[in-house]
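Dock chain B against chain A, hints included.
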Amino acid sequence: MASTFIQSLDPRVTRLQMPEDINQQPLQSEALDQLVTFQVFMQKKEGKNFEHAGIVHAPTVELALLYAKEQYSRRFTCSGMAVAETSTVMASPYTDGGISVYQLLEGEAEATTATADVYEVFHLMKRGKQHEHAGSVEANSVEDAFYKAKESLMPEKPVLNIWLIRRDDLLTVDEEDKDIWNTLPEKGYRDAAAYKAGDKLKDFKEKNEATSSH
Amino acid sequence: MYGGGNTFEKLQGTDLQNEDPQKLAEFEARIQRGEKIEPADWMPALYRKQLVRMIEQHGHSEIIGALPEGTWITRAPGFKRKLSLMAKVQDEVGHAQLLYAAAETLGKPREQMIDDLINGKSKYSNIFNYPAFTWADACTISWLVDAGAIVNQLANSRGSYGPYCRALERICAEESFHLKYGHHAVIHLATGTPKQREMMQAALNRWWGPLMHFFGPPDKMSVHSETLMRWKVKMASNDDMRQQFLDMYVPKIWELGLTIPDPLLRKNEETGKWDYTEPDWEEFKRVINGDGPLNKERLAVRRTAEERGKWVRDAMKKVAAKEYVTPLA
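Residue numbers (this note's numbering), protein chains in the order written: chain A, 1 to 214; chain B, 1001 to 1329.
If we strip away everything but chain A, and leave its shape as in the complex, we get (with noise of 0.2 angstroms):
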């Protein structure tokens, strides 16, 4: 009997039970199912600065962090993550040319009230790098945040872009839940060193060199 399914030399693929003309009519999606995206921050060792690793899609910022454990953590030494929706980040215009963003801001910060926020300042100093943790600071308002930063994070050298995130809006892996970057020493079969087959290859070489020789 003539089957309606696709067949495949995969078994899983033949149980899928998928119409022979599944590809005739395109795919029907009224809306796009976007998920937002959020950016995400890592520590790559205890001591060093978080850096930007990238973004993730996710539903909630909770699974942000779920997310980004696998993308970014698989195999890479880690020690601290952090996530935010990328409508929380506010960013500020690049610059050229030696001038750092700092230069840019004419304005003092104002006196700090009872109601201000910690937002944490991140730094880009080289174009084709990531975004690198520069210190936190307690602010009034956005604008206020950078005036504060400019005060007391300002580096010598020229910042070519700042992130501002406030730190409620960053969900960080805790200290306490910091055993979970313990599993990579069992994860050996993901490391080049892991797969070497020099010898047998030698001996093979040589054996063949052996009866080619008589």
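If you're looking for bench data, these hints aren't it; they were derived computationally from the structure. Given the structure is predicted, the values throughout are model-derived calculations rather than measurements. Errors might be hidden in some of the hints.
As the list claims (entries may be wrong) - Here chain B is said to cover these stretches of chain A; the calculated rule only asks that three of the stretch's residues, wherever they fall, bring their Cβ under 8 angstroms from a Cβ of chain B:
| id | region |
| --- | --- |
| 1 | 4-14 |
| 2 | 104-117 |
| 3 | 170-183 |
| 4 | 195-205 |
As the list claims (entries may be wrong) - Straight-line Cα separation of at most 27 angstroms, DSS-like style, residue types lysine-lysine; simulated pairs:
| id | chain 1 | residue 1 | chain 2 | residue 2 |
| --- | --- | --- | --- | --- |
| 5 | B | K1195 | A | K200 |
| 6 | B | K1082 | A | K196 |
| 7 | B | K1252 | A | K207 |
| 8 | A | K48 | B | K1036 |
| 9 | B | K1180 | A | K207 |
| 10 | B | K1180 | A | K196 |
| 11 | B | K1252 | A | K129 |
| 12 | A | K69 | B | K1318 |
| 13 | A | K69 | B | K1310 |
| 14 | A | K207 | B | K1322 |
| 15 | A | K200 | B | K1180 |
| 16 | A | K205 | B | K1080 |
| 17 | A | K205 | B | K1310 |
| 18 | B | K1023 | A | K126 |
| 19 | B | K1273 | A | K196 |
| 20 | A | K205 | B | K1023 |
| 21 | B | K1080 | A | K187 |
| 22 | B | K1273 | A | K126 |
| 23 | B | K1023 | A | K129 |
| 24 | B | K1108 | A | K129 |
| 25 | B | K1080 | A | K200 |
| 26 | A | K157 | B | K1036 |
| 27 | B | K1049 | A | K126 |
| 28 | A | K69 | B | K1049 |
| 29 | B | K1180 | A | K187 |
| 30 | B | K1322 | A | K69 |
| 31 | B | K1195 | A | K202 |
| 32 | B | K1108 | A | K200 |
| 33 | A | K69 | B | K1317 |
| 34 | A | K129 | B | K1049 |
| 35 | A | K202 | B | K1049 |
| 36 | B | K1252 | A | K202 |
| 37 | B | K1252 | A | K205 |
| 38 | B | K1080 | A | K202 |
| 39 | B | K1195 | A | K196 |
| 40 | A | K200 | B | K1252 |
Glycine included, each C-beta is placed from N, C-alpha and C at the ideal position.
This is chain B only, laid out in the frame that chain A set:
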């Protein structure tokens, strides 16, 4: 890592006519200085379009490329191979996400890219339209297709677009495991029993044509793209990458006592380049346009995952944050 043989859109003489000449000059000067372009920078519409196309194709190749190898996870010979192959396939799907994220900084949402893949609007690496009949095919992909992709991606990682370069840096760091694993698996078959050797040779015979196709048509046939080279979108010509691949891997194949199914293949001492039989470029065109052994199945699998996973996405959207903005970097 699976990208390779990117196809670009044909350039028109009018492409740059509407761009502000001063901004264009500043943009080109920045690339000349070796600086990276970041998402918020001004860029010509053509640069954006070609980059989205290239990075998106690369992402799709990772997703589709995981299918022929994924097929062999359940039938891998032994626990160790199964563990390695699972880790590799997981990496590849992760690479797709990194690449989609880089393309998304240019303004095209990930879901649109996935829809375009399923609807056949955007391409992926042609080589994955061929089947992996035996375990040796899976090993050939792990070693030689990844090797080809590494040649391609190391070139691209020196390109001009910051987010793509950063994604490739991350990807390349994981690649060394794939290559070593693939080589390890091939060495074991090639130095094994006569039956294993035979299986390995048969797989190599099947994949040699697609591997020669991998870097795309010869330079004399492909659209000459000086602009894309100047903008550091395309970093090396198809023929140069093919030569580099042959230089690095033909000796490694030969030392295993395997033969390559091309009687003309040899290093030309005069030119310092490899002579070879041109693969069948008509077949390449036919397969890339949809008529390959597995085009239909590959897209059907992707489409089925999309359709049958809809309820999960719907559930997620119920609790999801709403304010979508383009990623920053």
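Has the given pair, K205 (chain A) with K1310 (chain B), been kept, meaning a C-alpha gap of at most 27 angstroms?
Roughly 54 angstroms separates the two Cα atoms, so the pair is violated.
Checking one constraint from the list: CA of K1252 (chain B) to CA of K207 (chain A), max 27 angstroms. Satisfied?
Holds, because 17 angstroms separates the two Cα atoms, which is no more than 27 angstroms.
K1108 (chain B) paired with K129 (chain A) [C-alpha distance capped at 27 angstroms]:
holds (22 angstroms)
Can the restraint linking K1023 (chain B) and K126 (chain A) be considered satisfied, given a maximum Cα separation of 27 angstroms?
Satisfied, since the Cα-Cα distance of roughly 21 angstroms is no more than 27 angstroms.
With a cut-off of 27 angstroms on the C-alpha distance, tell me whether K69 (chain A) and K1318 (chain B) pass.
Cα-Cα ~23 angstroms, so holds.
Restraint check for K1322 (chain B) with K69 (chain A), where alpha carbons must lie at most 27 angstroms apart
holds (23 angstroms)
Please verify whether K157 (chain A) and K1036 (chain B) have alpha carbons no more than 27 angstroms apart.
Holds, at roughly 19 angstroms.
If you count the residues of the region 4-14 of chain A with a beta-carbon closer than 8 angstroms to a beta-carbon of chain B, do you get 3 or more?
It holds, with 6 qualifying residues against the three required.
Distance restraint between K1049 (chain B) and K126 (chain A), which requires alpha-carbon spacing of 27 angstroms or less
holds (25 angstroms)
Coverage of the region 195-205 of chain A by chain B, judged on three or more residues with CB within 8 angstroms
Result for this restraint: holds, n = 8.
Does K196 (chain A) sit within 27 angstroms of K1082 (chain B), going by the straight-line distance between their CA atoms?
holds (17 angstroms)
If you draw a straight line from the CA of K1273 (chain B) to the CA of K126 (chain A), is it 27 angstroms or shorter?
Distance of about 39 angstroms is beyond 27 angstroms: violated.
Of the numbered hints given earlier, the model fails hints 2, 3, 11, 14, 17, 19, 20, 22, 28, 32 and 35; all others are met.
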